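**Student:** Below are the chains, spelled out letter by letter.
Number of protein chains: 2
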Amino acid sequence: MAENTQVLLARRPEGKVRVEDFSIVRSAVPEPGPGEVLLRHLWLSLDPYQRGRMSAAKSYAQPVAVGAVMECRAVARVEKSNDPALKPGDIVLGAYGWQEWSVASPKELMKLDPAEAPVQTALGILGMPGLTAHVGMSDIGQPKRGETVVISAASGAVGAVAGQIAKAEGARVIGIAGGAAKCAYVREELGFDACLDHRDADFIQALDAACPKGVDVYWENVGGAVQRAVFPRLADFARMVMCGMIAEYNDPVPQPGPNLMSAVRKRLRIQGFIVSDSWQRLPEWRAAAIPLIRAGKLRYREDVVDGIEAAPEAFIGLLEGRNFGKLLIKVG
Amino acid sequence: MAENTQVLLARRPEGKVRVEDFSIVRSAVPEPGPGEVLLRHLWLSLDPYQRGRMSAAKSYAQPVAVGAVMECRAVARVEKSNDPALKPGDIVLGAYGWQEWSVASPKELMKLDPAEAPVQTALGILGMPGLTAHVGMSDIGQPKRGETVVISAASGAVGAVAGQIAKAEGARVIGIAGGAAKCAYVREELGFDACLDHRDADFIQALDAACPKGVDVYWENVGGAVQRAVFPRLADFARMVMCGMIAEYNDPVPQPGPNLMSAVRKRLRIQGFIVSDSWQRLPEWRAAAIPLIRAGKLRYREDVVDGIEAAPEAFIGLLEGRNFGKLLIKVG
Numbered sequence: 028m029a030e031n032t033q034v035l036l037a038r039r040p041e042g043k044v045r046v047e048d049f050s051i052v053r054s055a056v057p058e059p060g061p062g063e064v065l066l067r068h069l070w071l072s073l074d075p076y077q078r079g080r081m082s083a084a085k086s087y088a089q090p091v092a093v094g095a096v097m098e099c100r101a102v103a104r105v106e107k108s109n110d111p112a113l114k115p116g117d118i119v120l121g122a123y124g125w126q127e128w129s130v131a132s133p134k135e136l137m138k139l140d141p142a143e144a145p146v147q148t149a150l151g152i153l154g155m156p157g158l159t160a161h162v163g164m165s166d167i168g169q170p171k172r173g174e175t176v177v178i179s180a181a182s183g184a185v186g187a188v189a190g191q192i193a194k195a196e197g198a199r200v201i202g203i204a205g206g207a208a209k210c211a212y213v214r215e216e217l218g219f220d221a222c223l224d225h226r227d228a229d230f231i232q233a234l235d236a237a238c239p240k241g242v243d244v245y246w247e248n249v250g251g252a253v254q255r256a257v258f259p260r261l262a263d264f265a266r267m268v269m270c271g272m273i274a275e276y277n278d279p280v281p282q283p284g285p286n287l288m289s290a291v292r293k294r295l296r297i298q299g300f301i302v303s304d305s306w307q308r309l310p311e312w313r314a315a316a317i318p319l320i321r322a323g324k325l326r327y328r329e330d331v332v333d334g335i336e337a338a339p340e341a342f343i344g345l346l347e348g349r350n351f352g353k354l355l356i357k358v359g
Numbered sequence: 028m029a030e031n032t033q034v035l036l037a038r039r040p041e042g043k044v045r046v047e048d049f050s051i052v053r054s055a056v057p058e059p060g061p062g063e064v065l066l067r068h069l070w071l072s073l074d075p076y077q078r079g080r081m082s083a084a085k086s087y088a089q090p091v092a093v094g095a096v097m098e099c100r101a102v103a104r105v106e107k108s109n110d111p112a113l114k115p116g117d118i119v120l121g122a123y124g125w126q127e128w129s130v131a132s133p134k135e136l137m138k139l140d141p142a143e144a145p146v147q148t149a150l151g152i153l154g155m156p157g158l159t160a161h162v163g164m165s166d167i168g169q170p171k172r173g174e175t176v177v178i179s180a181a182s183g184a185v186g187a188v189a190g191q192i193a194k195a196e197g198a199r200v201i202g203i204a205g206g207a208a209k210c211a212y213v214r215e216e217l218g219f220d221a222c223l224d225h226r227d228a229d230f231i232q233a234l235d236a237a238c239p240k241g242v243d244v245y246w247e248n249v250g251g252a253v254q255r256a257v258f259p260r261l262a263d264f265a266r267m268v269m270c271g272m273i274a275e276y277n278d279p280v281p282q283p284g285p286n287l288m289s290a291v292r293k294r295l296r297i298q299g300f301i302v303s304d305s306w307q308r309l310p311e312w313r314a315a316a317i318p319l320i321r322a323g324k325l326r327y328r329e330d331v332v333d334g335i336e337a338a339p340e341a342f343i344g345l346l347e348g349r350n351f352g353k354l355l356i357k358v359g
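Chains as they are written, first to last, in the numbering used here: chain A, 28 to 359; chain B, 28 to 359.
Among the hints, a few may not be true.
Each pair may be met inside one copy or between any two copies, as identical chains are not told apart.
Claimed, not checked - Restricting the straight-line Cα-Cα distance to at most 30 Å, the calculated cross-link-like pairs of lysine-lysine (BS3-like) are:
| id | residue 1 | residue 2 |
| --- | --- | --- |
| 1 | K171 | K293 |
| 2 | K85 | K293 |
| 3 | K43 | K138 |
| 4 | K134 | K324 |
| 5 | K194 | K114 |
| 6 | K138 | K114 |
| 7 | K240 | K85 |
No lab work stands behind these hints: they were computed from the structure. Model, not experiment: these values are computed from the prediction.
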């Protein structure tokens, strides 16, 4: 019988996440109980929110316990089924953790049609990150024709989609990314009007040049120095879509934020959201996105890392911006 | 012929406003031109936003020029009229500055009916401050039955109305004010569920005790230490109505604000507004408020200072929270 390789949270990170914060263990492949299915994981999704689950701090979701399997969503193949709703060979999406095998109840799973799109897109553009972009842009960003929209982490799984949505609405879309290769991809493949490298010495001047009338919508994925650059450039009535602040997730003590008096003067709307409040809108997003992807009007990029043992290093790279596109671990 | 006593901006304040930042001059009463009216001011409205007009910094409105008459709205009596739309004796509301006389065009003025309400309420509960509370609560705060609403500067012209609106919506309303007399007024006269003195040594503990489930709506009038106390206590999905930050208006350098990651985690909406974007809603507010005032269901308090020479000192007191209720200068 095969073994189940699992990545556990070995300890809570202090500041920067290290590989020593994880442990890799091998255990028996579990047996599905009555009404359950046995799943062979194919693709694991590594996402920034998982950093939050490593900390004991109160948040919108329970932390992962020390010694427990790290949390993630995955795409898997049904190997055994004790429920007529699923049969061996079916491909499903669910939340099962950084491991190769798991058991689950069919009602926790969403069956995927491999003919519709490559199944791993259910973890990226057709899954949580794509839905995040859709919900944040439609509920908070609401870009209008001719407005200037700035997207941080523009080559990432969420930013890439958020920017393409804003572009489709007729906005001028300026990406911010780390490094020339990502910036070229954002401009040339994703079709943003510009993309600025936040590591460039003249980043601030480039931001001013790209946004001569200020920023009407800022999609916040990163926080830190990029937030400090964009915030003072928000235009009157700007919307700041608070999606994440990955550059600060390793900070042991929160950095100060911007003085909020400009929220009064400029009538800003600074609003956060969590995609899990809006799971029920996934079908709406998939129905809109699938034809656009097929028509080549909605692009995405995957950063595939092979084998579960590579997950800790890949996750640390994600927090440091070393991934390029939606980060996936191919495990099956 | 009478003289026109005027208060000019003598210099831009550095930090704290001082009486030396103003000069008091006497000039001739102006003559109305064709189509204009001569106005004898009766009541001047001193409001925190006027601090912003004293600074050269870019804002949503032009600053007052050094050497020019300080800006304010006033209620006045028409003394001479060169326009059939108004006749001597009519009482009007308009924007004319810290002075005793002015000329204006009738189209800039709103005629008041003294039978409807005391005319000076057009500067308070039935004017800009009341409309501010109405717009901010209906557009941003949106308190729901049973929610906890915290109002800073709760005895002030805006806060008193904002809290009474939230109370009428069925919310639990907690005021914050400076000093026992103001807190007693907020509880006993305005009917808030509680009012906390931010100067008390146990203010933070009292805030926790008053808001055991956190704060669903925070009406921000003050900034500074009160903001730092309330912000971490915002509940999931809280709305922070950014109306002003009077405690920081004299700061030469803006204080840091809160780290915004909690806006993501808690799905906060932090939104600012300026009442002058919504002047067209004044009739709607007056129509709603006048019957409530007559029925004793909407209370207000005026802090009346006599004579234009007292305006600079009264304005400095306003910035330091020494007024108690809507600050008015009685000049006629």
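**Student:** The structure should be examined with respect to each hint, and the outcome stated for every one.
**Tutor:** Results of checking the hints against the structure:
1. K171 <-> K293: Classified as both: same-chain Cα gap 18 Å, cross-chain 27 Å, threshold 30 Å.
2. K85 <-> K293: For K85 and K293, the Cα distance is within 30 Å only across copies (11 Å; inside one copy 32 Å).
3. K43 <-> K138: Neither: 37 Å inside a copy, 65 Å across copies.
4. K134 <-> K324: Close neither inside one copy (33 Å) nor across copies (53 Å); limit 30 Å.
5. K194 <-> K114: Answer is neither: 41 Å inside a copy and 57 Å across each miss the 30 Å cutoff.
6. K138 <-> K114: within (11 Å within a copy, 78 Å between copies)
7. K240 <-> K85: between (39 Å within a copy, 14 Å between copies)
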